[in-house]
Amino acid sequence: MNDRDLVVNAQGLCRSFGPVKAVRDVSLAIPRGTIYGFLGPNGSGKSTTIRMLCGLLTPTSGEARVLGLDVRTQSEKLKQQIGYMTQRFSLYEDLTVLENLQFIAEVYAIAGKHRKTRVEQLLSDFDLQEKRRQRAATLSGGQKQRLALAAAILHEPKMLFLDEPTSAVDPQNRRDFWEILFGLAEQGTTILVSTHYMDEAERCHQLAILHRGVKVADGSPRDLGRQIGASIVEIIADDANRARIAMNDLSEVASVTQLGVRLRVMIPDSIAQPAELVRSALQEKHIEGHVEQVPPSLEDVFVAVTEMRGQEEQAA
Amino acid sequence: MKSLLRIFAIMRKELLQLSRDRLTFGMIVGIPLIQLTLFGYAINTDVRNLRAALVDQADTHLSRQLIADINASQVLVFRDRVDSPLQLETLLDSGQIAIGLYIPPDFDRRVIEGDRQAAQLMVDGTDPIILGVGQRLTSIAMGFDTQRRSASPAGLLEVRNYYNPERRSAVNIVPGLVGVILTMTMVLFTAVAIVRERERGNLELLINTPVRTTELMLGKIAPYVIIGLIQVVIILGLGWLLFQVPLRGDRLDVLWASLLFIATNLSLGLFISTSATTQFQAMQMTFFIFLPSILLSGFMFPFDGMPEIARNIAELLPLTHFNRLIRGIVLRGADIQSMSRDVLALLAIMTVMLTLAIRRFSKRLD
Numbered sequence: 001m002n003d004r005d006l007v008v009n010a011q012g013l014c015r016s017f018g019p020v021k022a023v024r025d026v027s028l029a030i031p032r033g034t035i036y037g038f039l040g041p042n043g044s045g046k047s048t049t050i051r052m053l054c055g056l057l058t059p060t061s062g063e064a065r066v067l068g069l070d071v072r073t074q075s076e077k078l079k080q081q082i083g084y085m086t087q088r089f090s091l092y093e094d095l096t097v098l099e100n101l102q103f104i105a106e107v108y109a110i111a112g113k114h115r116k117t118r119v120e121q122l123l124s125d126f127d128l129q130e131k132r133r134q135r136a137a138t139l140s141g142g143q144k145q146r147l148a149l150a151a152a153i154l155h156e157p158k159m160l161f162l163d164e165p166t167s168a169v170d171p172q173n174r175r176d177f178w179e180i181l182f183g184l185a186e187q188g189t190t191i192l193v194s195t196h197y198m199d200e201a202e203r204c205h206q207l208a209i210l211h212r213g214v215k216v217a218d219g220s221p222r223d224l225g226r227q228i229g230a231s232i233v234e235i236i237a238d239d240a241n242r243a244r245i246a247m248n249d250l251s252e253v254a255s256v257t258q259l260g261v262r263l264r265v266m267i268p269d270s271i272a273q274p275a276e277l278v279r280s281a282l283q284e285k286h287i288e289g290h291v292e293q294v295p296p297s298l299e300d301v302f303v304a305v306t307e308m309r310g311q312e313e314q315a316a
Numbered sequence: 001m002k003s004l005l006r007i008f009a010i011m012r013k014e015l016l017q018l019s020r021d022r023l024t025f026g027m028i029v030g031i032p033l034i035q036l037t038l039f040g041y042a043i044n045t046d047v048r049n050l051r052a053a054l055v056d057q058a059d060t061h062l063s064r065q066l067i068a069d070i071n072a073s074q075v076l077v078f079r080d081r082v083d084s085p086l087q088l089e090t091l092l093d094s095g096q097i098a099i100g101l102y103i104p105p106d107f108d109r110r111v112i113e114g115d116r117q118a119a120q121l122m123v124d125g126t127d128p129i130i131l132g133v134g135q136r137l138t139s140i141a142m143g144f145d146t147q148r149r150s151a152s153p154a155g156l157l158e159v160r161n162y163y164n165p166e167r168r169s170a171v172n173i174v175p176g177l178v179g180v181i182l183t184m185t186m187v188l189f190t191a192v193a194i195v196r197e198r199e200r201g202n203l204e205l206l207i208n209t210p211v212r213t214t215e216l217m218l219g220k221i222a223p224y225v226i227i228g229l230i231q232v233v234i235i236l237g238l239g240w241l242l243f244q245v246p247l248r249g250d251r252l253d254v255l256w257a258s259l260l261f262i263a264t265n266l267s268l269g270l271f272i273s274t275s276a277t278t279q280f281q282a283m284q285m286t287f288f289i290f291l292p293s294i295l296l297s298g299f300m301f302p303f304d305g306m307p308e309i310a311r312n313i314a315e316l317l318p319l320t321h322f323n324r325l326i327r328g329i330v331l332r333g334a335d336i337q338s339m340s341r342d343v344l345a346l347l348a349i350m351t352v353m354l355t356l357a358i359r360r361f362s363k364r365l366d
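Residue numbers (the numbering used here), protein chains in the order written: chain Z, 1 to 316; chain G, 1 to 366.
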């Protein structure tokens with residue numbers, strides 16, 4: 001892929017806050033028109049990385065170009081071309097929906113005639129027409145989120161940064177929200193979205209998993225599943241608790257996750273027949289249950305990379 | 001062009017928010033109303049070293065004795081010796097002196113005859129404390145070696161009250177209140193204005209837009225200039241209605257002085273807002289400035305009565321300079337040009353604060 005097609009091109013980004021290293025050596029290459037996901041728990045450096053890419057935070061070291069602009073020196077120019085939706089609702093709660101959008105349009109200095117049509121178009125696109133005279137403070141979570149997104153794309157940015165956009169909305173609203181994102185991506189907008197929901201990460205074209213400020217894996221969701229270097233064995237046991245204890249006792253098992261009556265057991269690829277291993281271990285302890293090898297989910301990937309990291313760090 | 005659009009966008013937003021914030025809106029009108037009715041009387045205190053000037057047209061042994069005796073009392077410091085009572089009046093008008101001593105050519109004869117006062121104290125009576133000082137001076141026993149003074153029914157000195165013949169303290173308080181209220185509201189509103197955006201997270205969005213720092217600052221300041229002027233009108237208008245405080249000077253001068261002072265306070269507020277991280281901190285810092293302003297600026301106690309160190313601190317406070325300006329214009333009818341020192345001082349404070357505020361405000365989060 002040609003470097004010019006990369007909307008975000010970052011090499012070795014680091015950011016420290018005093019002694020705390022929030023982001024360590026993160027490199028990114030995001031092609032035009034993709035929805036790129038940042039998956040990671042709170043405090044994994046997602047927001048810090050996004051802020052560096054927006055030009056809001058200066059990297060301690062490393063380089064990044066967004067839309068061909070250096071985030072260190074050309075951040076003012078960059079701000080005209082990117083949209084940023086903050087984790088927290090950051091529009092004015094004491095202004096109405098319409099007033100908020102008009103304010104943003106004026107701040108981006110969108111010409112008078114175009115301003116009005118653009119605001120109206122967004123109001124109807126985002127299903128906010130009826131709420132136009134309502135104060136932002138009185139909107140529901142989903143409505144606030146749509147308003148924030150409308151404000152972020154008002155000036156038609158080529159690159160959109162969304163920092164945990166769906167943390168305060170219900171599943172239905174999340175689905176609608178993602179449909180809007182796919183629509184934007186189809187029109188050529190590149191989107192970087194951070195999340196800690198697996199199902200959302202699953203929808204991204206490309207994905208990077210962040211753990212304690214380090215990018216521990218990246219690729220498409222499907223590729224990531226193949227890369228983890230472990231297989232997943234699922235157990236449906238009557239006594240899930242005992243089964244879990246039995247699995248934890250096995251030295252070959254990397255991790256056990258319980259989902260109701262189901263157990264997902266992660267076993268490294270170095271074991272040739274993982275299902276057999278699990279079955280014999282259960283029989284030994286006289287635990288009844290159905291055992292089956294299943295394809296890894298994104299959650300398994302997430303567990304695998306973060307656990308392995310944790311073990312590596314402990315070893316070091 | 002784009003820049004103007006952005007400044008107006010922020011102004012309009014600020015006004016909209018203000019009109020919906022009932023508490024702040026109430027403060028704009030409520031603070032002047034309450035303070036004006038509450039501050040009835042000032043705190044009285046002993047005064048020393050008042051600036052004074054004298055005219056000695058007698059120039060006799062007796063008149064020199066009088067001057068020496070007044071000097072010895074340490075209440076007045078004679079800075080100038082001029083030639084005519086008219087010049088004393090000019091000095092009073094421009095606020096350079098608080099008291100003038102006029103000794104007429106026939107001073108000796110008046111002392112000996114003892115049926116009239118022998119000399120005159122011209123007192124800036126707008127400050128009741130200074131007026132009181134003048135009155136106390138008349139009872140000073142003069143060590144004349146000839147006759148005993150108590151024999152004279154008329155007394156040695158006559159006090160002539162300038163600008164405030166009725167000796168009402170409200171006359172001095174009301175123009176002073178203009179400055180006090182403007183300091184309180186203007187510094188506080190702007191100090192909180194930017195910190196509030198930071199606290200609510202609005203700033204993270206704003207700094208991600210093409211808005212420039214100067215545009216943001218100007219857009220935030222401008223609405224408060226109008227609010228400040230409204231407050232000036234309320235205070236002076238009510239002062240006139242309730243306490244019959246006159247407006248002797250030019251209204252345009254009042255406008256210029258107020259605009260300058262408002263702008264200075266807003267710059268100060270902006271500077272605070274770039275240093276504080278929470279609204280509470282901004283409030284504390286505002287009071288850090290507000291308290292010395294009230295105590296040292298000459299609003300409560302006469303400036304000349306304070307020790308030198310307090311006077312030096314007071315010179316750094318915008319309110320000190322504004323008090324001189326507004327009292328001069330409103331009470332003595334002075335014009336603003338004759339007090340250019342205070343105008344320059346305000347301009348200097350404003351420039352320093354605004355520059356610091358713009359330099360400290362960063363469009364980055366680090």
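These aren't lab readings, by the way, just hints derived from the structure by calculation. Errors might be hidden in some of the hints.
Unchecked claim - Each pair of labels, with its calculated beta carbon distance range:
{"hint": "1", "chain 1": "Z", "residue 1": "Asn248", "chain 2": "G", "residue 2": "Thr213", "range": "41 to 49 Å"}
{"hint": "2", "chain 1": "Z", "residue 1": "Pro171", "chain 2": "G", "residue 2": "Glu199", "range": "25 to 33 Å"}
{"hint": "3", "chain 1": "Z", "residue 1": "Glu93", "chain 2": "G", "residue 2": "Phe8", "range": "17 to 25 Å"}
{"hint": "4", "chain 1": "G", "residue 1": "Thr213", "chain 2": "Z", "residue 2": "Thr60", "range": "48 to 56 Å"}
{"hint": "5", "chain 1": "Z", "residue 1": "Arg226", "chain 2": "G", "residue 2": "Leu23", "range": "36 to 44 Å"}
{"hint": "6", "chain 1": "G", "residue 1": "Phe8", "chain 2": "Z", "residue 2": "Pro19", "range": "52 to 60 Å"}
Nothing here was measured: the structure is a model prediction, and the numbers come from that model. A virtual CB, placed ideally from N, CA and C, is assigned to each residue, including glycine.
Outcome of the hint check:
1. For the hinted restraint 41 to 49 Å between Asn248/Z and Thr213/G, the CB-CB distance of approximately 57 Å leaves it violated.
2. Our hint of 25 to 33 Å for Pro171/Z and Glu199/G holds, since their Cβ atoms are close to 31 Å apart.
3. Taking 17 to 25 Å as the suggested C-beta distance range, the pair Glu93/Z and Phe8/G conforms, at roughly 22 Å.
4. In this structure the hint that Thr213/G and Thr60/Z lie 48 to 56 Å apart at CB is violated, the actual value being about 24 Å.
5. The given range of 36 to 44 Å is broken by Arg226/Z and Leu23/G, whose C-beta atoms sit roughly 60 Å from each other.
6. Taking 52 to 60 Å as the suggested C-beta distance range, the pair Phe8/G and Pro19/Z does not conform, at roughly 45 Å.
When each numbered hint is compared with the structure, violations occur for hints 1, 4, 5, 6.
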